[in-house]
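Once you've looked at the hints, dock chain B against the given chain A.
Spelled out from the first residue to the last, the chains are:
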Amino acid sequence: MSGSALLVSALSLGGVCTAFGIFIAAANRKLKVWEDPRIDQTEELLPGTNCGACGTPGCHAFAEGLVAGEQEPAGCTVMGPDDIVDVAAFLGVDAGESNKRIARLLCAGGSDVAIQKSTYEGHRSCQAAAAVSGGGKGCNWGCLGLADCAVSCDFDAIHMSANGLPIVAPDLCTACNDCVEVCPKDLFVLMPVEQELIVQCKSLLEGNPAQDLCDVACTGCGICAKDAEDGLIDMIDGLAVVNYDKNELASLAAIERCPTKAIVWVEGEQFPEHQKSSRSFAV
Amino acid sequence: MFGKEFFRHGVHPPEAKDLTADVPIRRVPFPDQIVLPLRQHIGAPSRALVRKGDRVERGDKIAEAGGFVSVAIHASASGTVKDVEKRAHPDGSYVDSIVIDVEAHSAQVPRPRVIPHWEGLDKKELLRAIQDGGLVGMGGAAFPAHVKLSPPPDQKIDTLLLNGCECEPYLTTDHRTMVEYPERCHIGTRILMKVLGVKKAVVGIERNKPDAIKIMRETVPDDLDIEVLPLTVKYPQGAEKMLIKAVMDREVPEGGLPMNVGVVVMNVASVATVAEIFETGQPLIERILTVTGSGIKKPRNLIVPIGMKVGDVIDACGGFTDDACKVIMGGPMMGPAQGNMETPILKGTSGVVVLNEEEAHPQATYPCIKCGHCLDACPVFLDPQHLGSLGLNMEYMEMYDKNHLSTCMLCGCCSYVCPSHIPLSHLFGVAKSALRSEGVRV
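Chains as they are written, first to last, in this note's numbering: chain A, 1 to 283; chain B, 1001 to 1442.
Isolated chain A (complex conformation) (with noise of 0.2 Å):
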């Protein structure tokens, strides 16, 4: 009796599995949809972070985009020079130009320099200081240093400085634009590497009340427009903006006679004078 029960629901269920299992075969015969088998050989090429830096939602996206030609192996900026190489010898196609961009902070204003107005005791994050009346620092426009854009970077190219200033890696930014939009100041902007004239401040006061929250504070006094060539750095709302359409006009000329060395000439790495004790007190 049971063993004709046992003979009964193999024979069924293997009918019924059998029945499924040509179904599907056919229907994979006939709805198959073709993808070209070197999207998935490029993707594996690639970092496979997903951080977007390159305008696509993903790696896959952007391998796509190689494989149809509307992207460039440059474009990733995760990849060193020798991977996107490989990549484009892989395609067949040109590496393109890469056109490195890394974070720049726009304050400089260190816990040696800044002045604090009170304490900030809460939750460590910039967003939540920022939100009890604007966070403890002095300067409204200024960096809260509690390292929300550290934690944020996936690449691990942001340390704060004993200073309480996140200063960036530039051989380990990829301009992803994470701590862009974390920052609750908005003190982050990507820029091409060589734009090298920087204006380190976006306080909006002017003359003495800004220096008096923050030494190196951008009083609006206007020198570095006068000495620089005509055109290139604009003087508005009291704070000097350098006109990057107009780069290669820059040279040490605008820096030499800022009072407050709040426009500076950058090469590799910002804050230069902290970097060494960044190392020690990296979090």
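Derived from the structure by calculation, the hints contain no laboratory data. These numbers come from a predicted model, not from an experiment. Glycine residues also receive a C-beta, built at the ideal position from the N, C-alpha and C atoms. Hints may contain errors.
Stated by the list, open to error - If we take Cβ atoms under 8 Å as the criterion, some of the chain B residues that face chain A in the derived model are:
1) 1086
2) 1090
3) 1091
4) 1092
5) 1094
6) 1210
7) 1336
8) 1337
9) 1338
10) 1339
11) 1340
12) 1419
13) 1426
14) 1429
15) 1430
Quick look at chain B alone, frame taken from chain A:
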């Protein structure tokens, strides 16, 4: 006769009102300088009408409304306009402000002006006069009063509800207003009842202010239907939706306004100011303010000119004690801490509370133990525990989309009861400001 005289959930923080509950209101001498930010209210900033060097008299209009949801600003002291420049605002930003160097020995009375008799004015003219008088909600939110008082024609209003709860600990601003100026409150109520066309007004006062209840009852005019209703003491009873639930037993729908259930709620201090606008012609240029807490040498209730700096106000109360540690603008449950003593008192600032080191000492935060106290405390029935964990992970969109973040009014009940000291309401405030910066209306 209407509601149960209380709402569900909420908390009972220590009241600490005895420091100033019996201290009569006094005027302060003018400070040397007044700072009047052009953005003191919810809505469009006002537009300055004066320039550097102009001489202004106390009560002069120095900025006009910048739109419908905006009000005028008046000089709160006579003097010379030093400049219209960026000055520190209590919210931490720098906003364009009119700075007035006050003339020494200038008089506290505003110069006489023509006051149209309010009984001869129609509704539209009354509303314009209120907007021109610079009136905003003086309980803290600073919402322009004339907007609240002009509901769309299809919205029937049957009751004017006066908010005399003052549920925030420490503050005695509304309490002293009711005790010392009950007639003014009733005149204001009479004018607002005419504006709204309602026959019924209710004053909700918590039972911990028996003297205010008594004096408000005794002074009700015979020809008006004003009921003074004592309410069970509970925080946050003064939140308008809670008050409507307690007094009328009506529930304001999520995302709705009190006018959706036929009620307009006004703070008693705002109502008293309405009376002042129409009785003496004096616009909103000064307000009653409680300066209190263990960090203040002489806690007092003061009449201060709008725009007086916090530091000057504290000096007028004998200054800080040696262990003063934290200055809070507003009440301790909802008011933000303030680090800059140069920021001015605004139209919506209801108090200045200074805590000492022991009280303000930050408490260590521990992980959530899922005890559910916050769910029992939340007056709007949210799940602060879940919202808090989303907040820590910066999942702001999910807080808004699926967990009704916009219903949260940041009353602070959840933070108050949390045994792990998780700053829940602070996290929700952070989430709200992050979402607002992306253009989401929360």
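- What hints, given by number in increasing order, does this structure fail? 6, 12
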